[in-house]
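J.: For the record, the sequence lines run as chains L and A. Quick note: the first sequence, position 96, residue 93 per this note's numbering, numbers continuous. Add 61 to the 1-based position in the second sequence for this note's numbering, that's all there is to it.
Source of the hints: derived by calculation from the structure; they are not laboratory data. This structure is a prediction, so every number in the text was calculated from the model and none was measured. Do not rely on the hints blindly, as some may be mistaken.
[Stated by the list, open to error] Residues from chain L that face chain A, not an exhaustive set, calculated with beta carbons under 8 Å:
1. 33
2. 41
3. 47
4. 50
5. 83
6. 125
7. 152
For every residue, glycine included, the Cβ atom is placed at its ideal position computed from N, Cα and C.
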Amino acid sequence: MFAYLVRRILSFIPTLLGVSLLVFVAIRLVPGDAITATLGTEAGMLTDVQRQALERYYGLDKPGWQQYFVWLGEALKGNLGFSIRHGKAVISLILERFPLTLELALFAMVIALVIGIPIGLLSAIKQNSIFDILGRFIALAGLAMPNFLVGTLIIFALSVYFRILPNAGDYTDFATNPLKNLQQLFFPAFTLGFAFSASVMRMTRSSMLEVLNEDYVRTARSKGLANRRIINKHALRNALIPVITLIGVEMGYLLGGAFIVEQIFALPGLGRLTINAVSQREYALVQGASLFIALNIVVVNLLVDLLYATLDPRISYDDSN
Amino acid sequence: MKRFIALLGLILFFSSSLAQGTLVLARAADTTGLDPHTQTAFASFRLLELIYEPLVTLDGDLNIVPALAESWSFNDDSTVLTMNLRQGVTFHDGSPFTSADVKASFERILNEETGAASRANFTSIESIDTPDDYTAVFNLNTPDVPLLAAMASVGAAIVSDEFIAGGEDFAAKAIGTGPFILDQWTPEEVTTLRANTDWWGEGPYVDGIEMRVIPDETSIVAALRAGQIDFALLNDPIAATLLIGDSSVQLNQVPALAYHVLQLNASREPMDKLEVRQAISCAIDRQEVLDTASLGYGEVTGPLTIPAFKVPNDELFCYSKDVDKAKELLAQAGYADGLSLKAIVASAEPPTALSEAQSIQAQLAEVGIDLEIESLELSVYIDRWLAADFDTAVALNGGRPDPYTMYVRYFTKDGNLLKVSNYVDDTLDSLMAEGRAESDPAQRLEIFTQFQKHLTEMSPWVWLYHDFEYTAQQPYVSGFVPNPTDSLYSLSQVKLEGKE
Chain L
-2 MFAYLVRRIL SFIPTLLGVS LLVFVAIRLV PGDAITATLG TEAGMLTDVQ RQALERYYGL
58 DKPGWQQYFV WLGEALKGNL GFSIRHGKAV ISLILERFPL TLELALFAMV IALVIGIPIG
118 LLSAIKQNSI FDILGRFIAL AGLAMPNFLV GTLIIFALSV YFRILPNAGD YTDFATNPLK
178 NLQQLFFPAF TLGFAFSASV MRMTRSSMLE VLNEDYVRTA RSKGLANRRI INKHALRNAL
238 IPVITLIGVE MGYLLGGAFI VEQIFALPGL GRLTINAVSQ REYALVQGAS LFIALNIVVV
298 NLLVDLLYAT LDPRISYDDS N
Chain A
62 MKRFIALLGL ILFFSSSLAQ GTLVLARAAD TTGLDPHTQT AFASFRLLEL IYEPLVTLDG
122 DLNIVPALAE SWSFNDDSTV LTMNLRQGVT FHDGSPFTSA DVKASFERIL NEETGAASRA
182 NFTSIESIDT PDDYTAVFNL NTPDVPLLAA MASVGAAIVS DEFIAGGEDF AAKAIGTGPF
242 ILDQWTPEEV TTLRANTDWW GEGPYVDGIE MRVIPDETSI VAALRAGQID FALLNDPIAA
302 TLLIGDSSVQ LNQVPALAYH VLQLNASREP MDKLEVRQAI SCAIDRQEVL DTASLGYGEV
362 TGPLTIPAFK VPNDELFCYS KDVDKAKELL AQAGYADGLS LKAIVASAEP PTALSEAQSI
422 QAQLAEVGID LEIESLELSV YIDRWLAADF DTAVALNGGR PDPYTMYVRY FTKDGNLLKV
482 SNYVDDTLDS LMAEGRAESD PAQRLEIFTQ FQKHLTEMSP WVWLYHDFEY TAQQPYVSGF
542 VPNPTDSLYS LSQVKLEGKE
């Protein structure tokens, strides 16, 4: 088990290096730099001397490959650089934004599971009933409606009919005011969770149907076990394994920041930080944030793999097996 | 009944009240930096004009009015500008404001190492004399009347000479003389300002301003309706006009100086032919573009959007659509069978850009011009625009309060952006030079009327329309004067009476 963990963690290194190099090249291939991003068309009013002075200020005066190695060297020492615009170290910006992103992701996940799993199970058990058809319809709607539509509809309904808006650009964190924080995160989390609940519901339903047709379930039935006991004791646990995979993948995405939802609901999360950094061409911040997001995804994948072993005794990472 | 109580509970749960005495303002775009001399983004100006002050400023009718200078005068040939400075003004750190600060500020702008894009407006300044603490004399190397209007901008704000000498980081610290003091700026989230109780003017009448970023403008409108913000800046006309007819919120609109334009690149075939450019101008019904893209909220305009310099549209070349004339001009130029062009468009800046391009595309098709639209991300668009790498470009260009400052960059022989406009002729160049030296308002009007008529006839660009600058506020907010430059300086006069 320990050897497996070490192997997995070592395998992070090439992945993260690859991501950092890819992002480094990609952001520089995009036209424009910090100067044009800040000055817009006024950049055309600069004299050559002015432009060179600004290039020095933004650290753009060295060749690209040199910038990468300087960045990599510093990153290995734990310094992800400095954001001129924010006047703060990149790492502290990321760590400031991450709690919100994590909370939103967990909240959305809970909502998705609370909606998705019961409906999925009922749909599978009462296959082709009215309930099943209705459940599948809702799932399809959840999948079909993009976040920006659901989010905008929610805001519109709340403000026009109820004259309330949970977050008017005054995000408060959980430690400062838990109640207000939950008020502010409920609708964004619902927007994200609703879309994801559809995937959960469909996956639960199909996997449950598959399990219910397995031999061991038939055996259990022939022994005369009650239906409820078969589902709880034998079917459910096995049916949930593919759902866990799905949660792992989705969690990875959500931890990268839910940009559109953060934008609509004015939440200062990791997604908005990253997108704004891209549009302002803040290279160091883009590099740092994407590295952090990549790290989240590989860690979540590892956790999911470890969770399999707990749920399914047939899976084991021990070297003796 | 139970449901009603639950609903009521829900409403109470999600409503929250505001702090008394602080104006809560929301906008979609945030400041990009704190150095007043290097910032060019409008979003930065909206914050910095509350903290820093220039020598002069513009009122709601674009008249030049005193700010840090109480009065001023030009000599007879407009080569010396003398400023009499306001006394008893202090910076936010308590140090006094004197002529030394004025001299140091303009020298900082003129120093190329600073990287101030507005430097181009001040290159006529040869030297600055400070005979006493409250007089600053600008010696100019050429007659320059528009200099005064160029000074009415945050880009020419007065900063402390001690700060400059001490090598202070203007990107990190904002110490001005303005009505509000910066407490904290958290980029993309919130900026808090507190009232400067030592401000030289009357006011401010609020304790402070909380400037929040709500990136989505429909959410800003929602926040206004929900009574959770006091004041909003709105850019997208579609979002702003959602508030028309909503009696609970007051929408302010004022004609904007910025103009929507179709830029033709006259250095490229076939736009190097006058007839082709004129044909494009004649083929476009500008009102239709306005109606399609901005739902009619705006006004068709010639080159100058400054109210005092407007020329009636029917006196400008081909301002009513004439398909026959357009076809005839194309035939004269040898394009009787039509031609193909491309247009670059920034995908969301302004929000109406793509709709404008589509309306133009449909109209040009009627005269046999096939326009292909290239929709680009803003930074990519700006790169292509600055390199003049386009046939035509749909643009929203910022206006200036003076006609000379507005177009010197594009339509004079040594204009900084001549490489973008790619069109100049002797008439334009000499009219601009005359307008720069002339101080008599009636004469200037005459000069710039000729300038506009000639410019629209040569059709290097097709001027379309200007829209409105929108702000919106709760009914209990009073004292704000909307400004065509979108300036928020008059927030110093705002009161919140009767706010619950």
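J.: So, for every hint listed, does it hold in this structure?
T.: Going through the hints against the structure:
1. Interface restraint check for residue 33(L): the shortest CB-CB distance to chain A comes to about 5 Å, inside 8 Å, so the restraint holds.
2. Hint status for residue 41(L): holds, given a least beta-carbon distance of 5 Å to chain A, under 8 Å.
3. Interface hint status for residue 47(L): upheld, as the beta-carbon distance to the closest one in chain A is roughly 5 Å, under 8 Å.
4. Hint status for residue 50(L) relative to chain A: holds, with the closest Cβ pair at about 5 Å, below 8 Å.
5. Interface hint at residue 83(L): satisfied, since its Cβ lies 5 Å from the closest Cβ of chain A, which is below the 8 Å cut-off.
6. Restraint check, residue 125(L) versus chain A: the minimum CB separation of about 33 Å is more than 8 Å; hint violated.
7. Given hint, residue 152(L) at the interface with chain A, holds; its Cβ is 5 Å from that chain's nearest Cβ, closer than 8 Å.
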